[in-house]
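Peer 1: What follows is each chain in one-letter form.
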Amino acid sequence: MSVIQVNTLIERMKTDFSFRNAIFNSNSIEERFKLCRQEGFHVSKDDFETLLPLGDYQFLAIDNLANTWQKGGPCHTKCAPISVN
Amino acid sequence: MKYYWSKYNSIFRDDKYGYFLYNSLSNKFFELNEDNYNILLSLQKEKKISQNKLSVINKSVFDILLKTLILVGENVEKLELLKKQHQRNKISYDTSNLTLTICPTLGCNFTCSYCFENSQNDFNKMDNNVLGQILKFVKKFEKAKDLSITWYGGEPTLAFEVIKTLTNKIKLLDINFKEASIITNGYLLNKKKISSLNDLNINSVQVTIDGKKEIHDSRRFLLSGKPTYEKIIKNIQDLMNSPYEGSCDIRVNIDNSNYSEYVELRHKLLKIFQNKKVFVYAGRVETFNDNTCGLNCNLSSNEWTDFTINLFRNNSEAPSEHIYPNGNLENVCSANSINSFVIGPNGELYKCWEDVGKNEYIVGNIFEDNHITNPELISMYDIGTNPYLDNECIDCSILPICGGGCVNRRLRDKFFNEKGMNYCSLYKDNLVMYLMEYYDKFLTKEIINALTKKEKIETIGIKGFRLVSPPANK
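Same order as they appear, the protein sequences are chains G and F. Counted the way this note's numbering counts, the first sequence spans residues 14 to 98. Counted the way this note's numbering counts, the second sequence spans residues 695 to 1168.
Don't read these hints as lab results, they were simulated from the structure. One or more of the hints may lead you astray.
Unchecked claim - The calculated label-pair distances, taken between Cβ atoms and stated as ranges, are:
| hint | chain 1 | residue 1 | chain 2 | residue 2 | range |
| --- | --- | --- | --- | --- | --- |
| 1 | F | Q781 | G | D59 | 46 to 52 Å |
| 2 | G | F30 | F | S912 | 49 to 55 Å |
| 3 | G | I17 | F | E955 | 49 to 55 Å |
| 4 | G | S31 | F | D757 | 27 to 33 Å |
| 5 | G | R50 | F | N950 | 46 to 52 Å |
| 6 | G | G53 | F | S994 | 41 to 47 Å |
| 7 | G | S57 | F | Y698 | 35 to 41 Å |
| 8 | F | D932 | G | E52 | 53 to 59 Å |
| 9 | F | N752 | G | F30 | 20 to 26 Å |
| 10 | G | D59 | F | E1152 | 23 to 29 Å |
| 11 | F | K970 | G | I17 | 30 to 36 Å |
A virtual CB, placed ideally from N, CA and C, is assigned to each residue, including glycine.
Could you build all of it, start to finish, from the sequences and the hints given here?
Peer 2: Given below as structure tokens:
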């Protein structure tokens, strides 16, 4: 399984609401992969864990996003940061 | 009880992903089914929402709409804005820290066409009289426990002895000299200077480059015209291979002539500085009419949004303006903080870095007993730029996530009638683009979780909506 195939499955799930809902509503991971196979995606949990490091998606926590001048970081211009305890 | 559709709501349909509702006051973001979208869209059109309209909304949905400030009672928004303003004032008027930006000289060894300073040829350095007065000035802030300093200019490394002398004297004062940073072009940052950074409490060095060598050397050259790129990179390598314990931010100035090369340059720099505390980020060049390149070299707000969203999508680089808005944003910087000043080489005081060298923006002088000599200008900065006192901002759907934008530009627009001062947040014109970029990543994460973890993922289901905001800030 290549990165391209995994990404194709992800893109399909993003736009195919009923397919996505069927997967999300399934009770077990095995059942979810069975549904994927029925749709022609022969993927496994290992493929995902190997090919897509979850770390890439950790930015979704607000704290991990880029600095703003409130956080003492560089903003869109050369703003002077202030210290906030 | 009367209810209103919040002025801070944005309800929209996205061609790819469907129906959404966002409220900037609560910073909550919902995915909707089509039925709920149509019901809520019809509420948007009414000034006061009638009981008839409300009766079609399920009680549990109604409670969530109230809790997330999508529907509001009389004065609820006003009170929420007062809370935000209170928070802003608490930060602005905090006296427990003293934050100084010190320009030991305004002279610069570079001659960049877009520089906003007009005093690069003034090579005078702070003299001992000014240094002594700075110490007295610091002592005036008796309540301040911590002191932070940013060395700025001109080019501060041209007056490195001033930095050393003043730092050694400040260390003897009865205040915790917490940290310092330096904004430098990097050209004169040689090994000797690098070796003293830790002793000077400097834990952050910001160096700016203008793109790949060819472009950089055509724009950021010495007064003599000599190129600078290779020496700057060599100096950063020496810095990061030295015992220096801090970090280095490489700001790459981006405008319409070099944005297409940024990704390649970023990869190259990150490779050179692999495993070092070096951060590379794109900085938007924003020039004004008084620069030699005028407004022609800027990327417009829309172009900048496209540029940064593409960086985020393809290179996981988060722009300084968040992809998902920061709901706790209070626009407080040096310009509107009571205990923050920029000190020029002769002891003159400014509120913003962009004012350095401009007489009309001087707010005071460290030699005066009452160091504020221009209370009108201080008041304009402090009160006159407050977005919570500006009806146009209060009525803007993104005020709670914008906080009023750049204080300096607001001031110049509102009190000095300068043209071309675009101070509004990029969310103003591009909120939906940012939210959908966020949602796309949110969905990717959910899908990966569904196929790798046991947890059940919530869907819109029979409720007809679900919360898709990121977890709240802790």
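Peer 1: Does each hint hold? Answer for all of them.
Peer 2: Each hint tested on the structure:
no. : hint                        : in the structure
1   : Q781/F x D59/G: 46 to 52 Å  : 47 Å, holds
2   : F30/G x S912/F: 49 to 55 Å  : 51 Å, holds
3   : I17/G x E955/F: 49 to 55 Å  : 27 Å, violated
4   : S31/G x D757/F: 27 to 33 Å  : 29 Å, holds
5   : R50/G x N950/F: 46 to 52 Å  : 49 Å, holds
6   : G53/G x S994/F: 41 to 47 Å  : 44 Å, holds
7   : S57/G x Y698/F: 35 to 41 Å  : 52 Å, violated
8   : D932/F x E52/G: 53 to 59 Å  : 56 Å, holds
9   : N752/F x F30/G: 20 to 26 Å  : 21 Å, holds
10  : D59/G x E1152/F: 23 to 29 Å : 26 Å, holds
11  : K970/F x I17/G: 30 to 36 Å  : 33 Å, holds
This entry does not satisfy hints 3, 7, going by the numbered hints stated previously.
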